[in-house]
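Participant: Take a look at the letters that make up each chain.
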Amino acid sequence: MDFSFSEEEEQFRQEVRLWLKREIPARWFELDPGMWEETEESWAISREFQRKLGQKGWLAPAYPKEYGGLELSHTKRLILAEELAYNRAPVSVEVEITVNWVAPTIMLFGTEKQKKDYITRVARGEIIFCLGYSEPDAGSDLAALQTRAVEVGDEYVINGQKIWCSYGHLADYCWLAARTDPDAPKHKGISMFIVDMKTPGITIRPLINILNHHSFNEVFFDDVRIPKENLVGQKNNGWYQLVIALDFERSSIGVAARQQRIIEELVQYAKETKRNGEPISNDPLVRNELAGIAVENEVLRMMCYRIAWMYSKNLHPSYESSMTMVFASEVTRRLANVGMRILGHYGQLDRDSKWAPLQGRIMRMYLSSLSIGVGGGSNEIQRNIIAMRGLGLPRG
Amino acid sequence: MNLGLSEEQEMLKTSARDFLQKEFPKKLVRQLDESETGYSPELWRKMAELGWMGLVFPEKYGGSGGSFLDLIVLLEEMGYNILPGPFFSTVVLGGLTILSAGNEEQRNEFLPRIASGDRILTLALTEPSARYDAAAINTRATTSNGNYVINGTKLFVPDANVADYILCVTRTKEEQNPEDGITVFLVDAKSPGIECTLLKTLARDKQCEIVFDNVGVPQNNILGKPDQGWTIIKDTLQKATVAKCAEMVGSAQAALEMAVQYAKERVQFNRPIGSFQAIQHYCANMVTDVDGARFITYKAAWKVSEGLPAALDVAIAKAWTGEACSRVTLLAHQIFGAIGFTMDHDLHLYYRRAKAGEIMFGDSDTQRAIVARELGL
Ligand SMILES: Cc1cc2nc3c(=O)[nH]c(=O)nc-3n(C[C@H](O)[C@H](O)[C@H](O)COP(=O)(O)OP(=O)(O)OC[C@H]3O[C@@H](n4cnc5c(N)ncnc54)[C@H](O)[C@@H]3O)c2cc1C
Chain A
573 MDFSFSEEEE QFRQEVRLWL KREIPARWFE LDPGMWEETE ESWAISREFQ
623 RKLGQKGWLA PAYPKEYGGL ELSHTKRLIL AEELAYNRAP VSVEVEITVN
673 WVAPTIMLFG TEKQKKDYIT RVARGEIIFC LGYSEPDAGS DLAALQTRAV
723 EVGDEYVING QKIWCSYGHL ADYCWLAART DPDAPKHKGI SMFIVDMKTP
773 GITIRPLINI LNHHSFNEVF FDDVRIPKEN LVGQKNNGWY QLVIALDFER
823 SSIGVAARQQ RIIEELVQYA KETKRNGEPI SNDPLVRNEL AGIAVENEVL
873 RMMCYRIAWM YSKNLHPSYE SSMTMVFASE VTRRLANVGM RILGHYGQLD
923 RDSKWAPLQG RIMRMYLSSL SIGVGGGSNE IQRNIIAMRG LGLPRG
Chain B
518 MNLGLSEEQE MLKTSARDFL QKEFPKKLVR QLDESETGYS PELWRKMAEL
568 GWMGLVFPEK YGGSGGSFLD LIVLLEEMGY NILPGPFFST VVLGGLTILS
618 AGNEEQRNEF LPRIASGDRI LTLALTEPSA RYDAAAINTR ATTSNGNYVI
668 NGTKLFVPDA NVADYILCVT RTKEEQNPED GITVFLVDAK SPGIECTLLK
718 TLARDKQCEI VFDNVGVPQN NILGKPDQGW TIIKDTLQKA TVAKCAEMVG
768 SAQAALEMAV QYAKERVQFN RPIGSFQAIQ HYCANMVTDV DGARFITYKA
818 AWKVSEGLPA ALDVAIAKAW TGEACSRVTL LAHQIFGAIG FTMDHDLHLY
868 YRRAKAGEIM FGDSDTQRAI VARELGL
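Chains A and B are the protein sequences, given in the same order. One rule links them: number in the working numbering = place in the first sequence (from 1) + 572. One rule links them: number in the working numbering = place in the second sequence (from 1) + 517.
With a straight-line cut-off of 25 Å between C-alpha atoms, the simulated BS3-like cross-links for lysine-lysine are:
1) A/Lys628 - A/Lys593
2) B/Lys717 - A/Lys846
3) B/Lys751 - A/Lys846
Simulated from the structure, these hints should not be mistaken for laboratory data.
Looking at chain A on its own, in the form it has when it is part of the complex (with noise of 0.2 Å):
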């Protein structure tokens, strides 16, 4: 066992850090988008900022090296996506989506052509994916997707609805899933597809989230056309593949290094914040509290480096993304409360406000955190998932 990184990864960070500092543009700062809260400006800073990380090699630092990656090992990626994170890179949900869900499922079951033609594009930072899963009919219940697609010629034509489809207004491409066999019994007619979101037939009905931005869309296809060579995949095989793309998306490990910059700017604040002309880092409870959620997110920490290290192991993680990713909900559900009671009132102010603390950070994490338990699968089946594919117990 060694939980020490070598020397040479340490210079890897240090490498990493001086060139974020270099590469990231003082408007993104001004900016500071939370988490949904893009918009175009911030959208196009993060472009830029996505192809930059690809030309470094920087974006899919583990894909293998014929499809634009570095074959850097697991555990230099994990120290960049904790740098990205912790720095508040322009590196947001979306590049998550394309270069860690999307690509890697595209590298699994795709043809040579695709991987050739998608994955070099992900690694350089050209293309972003959205991700067509959900259905107002099914959320949780994913397997019961209605989105239809039926094989006509040398085409696929697609008709349904999706919902929840985050950056969809935004993407380049959505990595579908429709039914392609309507007898089969709900799991097996599945499969999965990549459709060019300027395909003729697309509408996108902007929804505003709780923050009152527009970050996800109801994405609705009319006769939508797509060649074939799209699926990618068995036909009818895209529940196989889809739950393995959703191990991926659970497996954010770069977390813990995010709410450790929030940690510390909240300790920060303690210190610089009097009360009866003494610092508020002296009150007990203030301690307690931050010193609690240090704790948490050490433990987190760890959740997330054993992912890195079972990647590194060529071993898939399981329930081991779905505990990591339930916990990490809950601990920045925690982080945005012990924020909002060490700020007290001026945890309330938006960051427009003269007198808003942390630019009104912890504010719009109490809001934004809401998403975490929820998007993604909820806490709650992945709960049943630790529990049934984890643990063996019997489904309820």
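We have chain A; now place chain B with the ligand onto it with these hints.
Facilitator: What follows is chain B with the ligand alone, placed relative to chain A:
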């Protein structure tokens, strides 16, 4: 012992619920949340006509002589329908304070006008230190030619943007004990030197920053006795804290009902999600929180209403209710899944308010500190 409402209170509850549901659909609530003023003058008048503003004032001041408990019943309904506007500030923070501390002239001047809906009030208590104790009062009032001049900054003042009068808590003397030397003034909100800025908050309630820059106030506008204002504020804070609890209980009840209803309707895996034990346990936890919060609030309110010592009970009520209501709205969000994460859905209105309520008049840590003190620790 009787933990239930009287017949009149039941009637008040029902008529309040009907009125609020009819006149304040969520669409309007949202518009008001997003507006600068946060209230509708037309509906304000209607509420006055129903006798709500004067509910707890004696008849001779244009009220209907109700009790504090009656007001609690009404506030719970206001919370249930998440009523925006300056009712709380005007009646609880302003009206009750003048009723208990004002002289006859002041009562005659203010209470009938509040009752008729012609005057909006608020209390400017907290300052940038954001605390509710006497030591935190640094806004100065100094005498000049028999009158007073106020200087200082008040922060997180509710509804000051629409108030006609502001009860301003000032320091008039430096004493050993910070509770001495505090004076409460009735300040005309249009006085020169007052600058009021609306703050953008989580709950989109209308909290303000007020800067008093050499604001002149006549001596007659002192509420109660000079330098002895803190006892007034202590009393007001106690009432306001329970009143806030009542509001929170109402909105938690509404969030609970919404979630339970949805759990019955939303089908996944060919079953209503409410048939999953995980969801059932959430609902069970929520109703436990709401019921506990309600009765602990009623107990404190009853004590206040009866004029019994209530410091401990009020602190217990707020310590519990603040956190309980936040928990309830969080679980409700969990049950609603993605749909609850939209601006269009009503649930976030409750989630936001729950947090604001938890913070207002002292969060649970602050309240537990009071409980500890009252326990003799
Ligand atoms: C911010 C955000 C972004 C999103 N982005 C995308 C996206 O880009 N693409 C996409 O396809 N989807 C996206 N989603 C949708 C997400 O995948 C779904 O919200 C999620 O799968 C849950 O579905 P639902 O919201 O319909 O909730 P429901 O499935 O209706 O669940 C409601 C409640 O019932 C519970 N429940 C359901 N089944 C069970 C069970 N068997 N046992 C116990 N409890 C159960 C749930 O846990 C939840 O608490 C996003 C969601 C959010 C909030």
